[in-house]
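Protein chains in written order, with my numbering: chain C, 1 to 305; chain A, 1 to 268; chain P, 1 to 289.
Note that these hints are calculated values from the structure, not bench results.
Do not take every clue at face value.
Stated by the list, open to error - Per label pair, the in silico range of CB-to-CB distance:
1. C:50 with P:136: 19 to 29 angstroms
2. C:197 with P:289: 38 to 48 angstroms
3. P:285 with C:197: 33 to 43 angstroms
4. A:57 with C:17: 36 to 46 angstroms
5. A:39 with C:17: 31 to 41 angstroms
6. P:252 with C:62: 37 to 47 angstroms
7. C:35 with P:41: 36 to 46 angstroms
8. P:10 with A:32: 43 to 53 angstroms
9. P:16 with A:163: 37 to 47 angstroms
10. P:287 with A:207: 32 to 42 angstroms
11. C:187 with P:287: 17 to 27 angstroms
Stated by the list, open to error - What the simulated footprint calls covered on chain P by chain C, stretch by stretch (three residues with Cβ under 8 angstroms from a Cβ of chain C suffice, anywhere in the stretch; the number is not a length):
12. 33-46
13. 235-248
14. 261-272
All values reported here derive from a predicted model rather than from experimental measurement.
Note that beta-carbon positions come from the ideal geometry of N, C-alpha and C, so glycine has one too.
Each chain, letter by letter, is given below.
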Amino acid sequence: MEASAAGDFDRRNSSWYVDKVVQALVFIGGISGILCILGIFVFISKEGFGFIANTIDIKEFFTSPNWRPTSEENPTYGALALIAGTASVTGLAMVVAVPFSLGAAIYIGEFARGKTREVLKVLVEMLAAIPSVVWGFIGLSIMNPVIIDLFDVPVGLNVLNAGVILGLMAAPIMTTIAEDALKAVPDHYREAAEAMGATRWQVTFRVVLPAAKNGLVAAVLLGVGRGFGETMAVLMASGHSINMPDSIFDSVRALTATIAAELGETAVGSDHYQALFTLGIFLFAITFVINLAADLVLRGIRKEA
Amino acid sequence: MVTDEGRTAVDGSTRDGAEVKLSVRDLSISYGDKTVLSGVSFDVEEHEIFGIIGPANSGKTSFLRALNRMDDFIPEMQVEGEVLFNGMEVRRWRNVYALRRRIGVVFPLPVGLPLSIYDNVALSPQLSGIKDKTVLDETVERCLRRAALWDEVKDRLDSLGSLLSGGQQQRLTIARALSQEPELLLLDEFSIAVDPVTTMRIEDVLKELKQEMTIILVTNLVQQARRLADRTAFFLSGELVEVAATEDLFTGQVQDARSRDYVEGRFG
Amino acid sequence: MFETTDLNQRNRQVESRVKTLFLLMTLLLILPVLVILTMLVIKGGPMLSIDFLFTEPTQGMTAGGILPALVGTVWLVVVALLASVPFGVAAALYLSEYAADNWLTRIINLAIINLAGVPSIVHALFGVGAFVLFFRFGTSILAASLTLAVMTLPVVIVSTREALQAVPHAFREACWNMGATRWQTIRRVVLPNSISGILTGVILEVSRTAGETAPIMFTGAAFYLPFLPQSVYDQTMAMSLHLFVISTQVPDVPEGLPYGVALVLIGMVLSMNALSIAFRTYLRGKKKW
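Bound-form chain C, shown alone:
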């Protein structure tokens, strides 16, 4: 097959070269993730950083609730109301979603068996696939009249509506990640506790939950990140009016929704256009930190394991 002389130790054949070429190609693919994230950073900074450096008053941005970029004589760029809008909707969503998704994760992961478990898992997975614009539509046309009737308020597009919608959206994802975290706890932990006569709930509460703690925290963090970044559903269900919310029946406007609603009406390069990119930089930074935190928490598990 090959000459038996020792001399060919050095001879590289075509398959050697093919392998090297493929390695180079997949390496390009490999770093594409880095290029994309850098690209996002570079391109939104390019459009927005000049504005941050020259025009915007950082103090006003974070402390003023007045977002009036279209004002003729005195445009103001206070994002506080938008931040409050995003925070209130996300906060309510988490209040709704965290207990339910952790409960569901525990039921699916620790109590359900066989077919039931498979069916529930598939259902949760399907829920996670419903597009956000459909959720927004549900908020707009189904939740809205329900809230008006139920609470006797004039407008049903508010923190409550957007929060519940966002909660329903985030819950399947949080459930899936939390269930993964529970599954990562080795079975012999459970078996050891059960051998001592502990019930399933005692095993779950005393053994599994503490062991899965980090994964559950990460699940919640990723849910928060998802809530912060959600656009269409919040745009359609929150009422989209600039407001520091006093109650869950106030309409609010979110950071993401502001970009989505206004970008189409701005001229490229205008102050308003740049201000929207500034919001984008802010969102990017926040979600980056949240994802980084979730990753660090998750890495914590692996180190302990």
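Assemble chains A and P onto chain C, guided by the hints.
For chains A and P alone, coordinates are given in the frame of chain C:
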């Protein structure tokens, strides 16, 4: 212990006139800070069956891995010292794939690839560029016959190799190693997953293959080493205790008491 | 065990109550959604007809069908796949088959995790800055699809990597032992045994891509454009944006119309999703080793 002048040649050193196929010099292997083999040196001659015996965790498998540079794929595995194959340090082979093609390996746990039985055996010749169907057919049949598997599978060469029984998969693995037409065949406890009758058949095959290639046989069945090996090395806890002509080892004519204890089964 | 029958009994009570509580929480999570979906079907179902799917919208989108939006979504998804699948599969191959455990690999993994977490509207801003303006693709299918491709890249990478790593390592070692190069090993053994898993991930990606709205709003999707796109440089309507537009921007839309659009959109997305799940279940049942 060497008592007979005439035996010195077949003791640890090589026979006169035989070509040295593989030469190991001061070889040490470690994983992280755990050393599994330290300071091993010996030669393996062309056309001999070289046995390596020793209890579990004595560094036998790691030794085999170092020979065909599988350490390239195991990040934490470090190899020091020299391994000369055909007189050439294996680390200096720039085309490591050509090196591995000349060294066939059979590991203890059989691995039937999830390809057809035919492709399992034809894969290696195909990879080296052979496309002629008749040549491939002929290679597949010859290698399967030699591995004592042909009769069992000749009517279902299209079925998946990975779904054969353990013993059949191990013979398939051997057939695959033979299809490379290796110069050096490494066998690591090949009989673990094989029934005794098949083991004997494969052993007969190995005796024949000796005419064509050099074989290193790692085994924890000392009697298997006795049946097959020309010379045998005894590894213990990461050290080479000694290399001796197999008959000497089994008749007690050895220098180190631990070797005798081991082959006589007086070892924990 | 001996004297604690009371305790045991109480334990069992607590156990069954807790179990019921968690079951209720699970159902409360799922049931409202099922109710909502049912309402969509009830209200949107009557809209559905062959005409609805295959005619253009008329009278300022208050009547007629959804053909341009349907076709536009197919264009957007296909072009996005053409861009993201090669890069995603290459990235997964690199991470699973070539990359050593070093700083670069850690950074790549971190980048993928973060890319998956970037808000969709930020992807839209990126698409505008990069594809529409910098690369001068204008608002076009190309710009919108590339934006979607960047957004769904992590989905392809993660699912492909999982499919690759489901192939046992022993098969790779066996090939390497024969002198196969890494690429030969991938081509002959790894890919043939993971291709169905990779496809499952791609189908999942289709389902994600088809439903996205924000990333395409400013990069290539048009509010109202009653023509079918001719090339990737055209703008197009899309199902997701169409739903947004007719439910918020257009006056006097008959009540059933947006329900019909929502139903078709969710039908597309969920059927792709179900296909992916069914495919996965089928594969799990079919053992090759």
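### Task
Give me the numbers of the hints this structure contradicts, sorted from smallest to largest.
none
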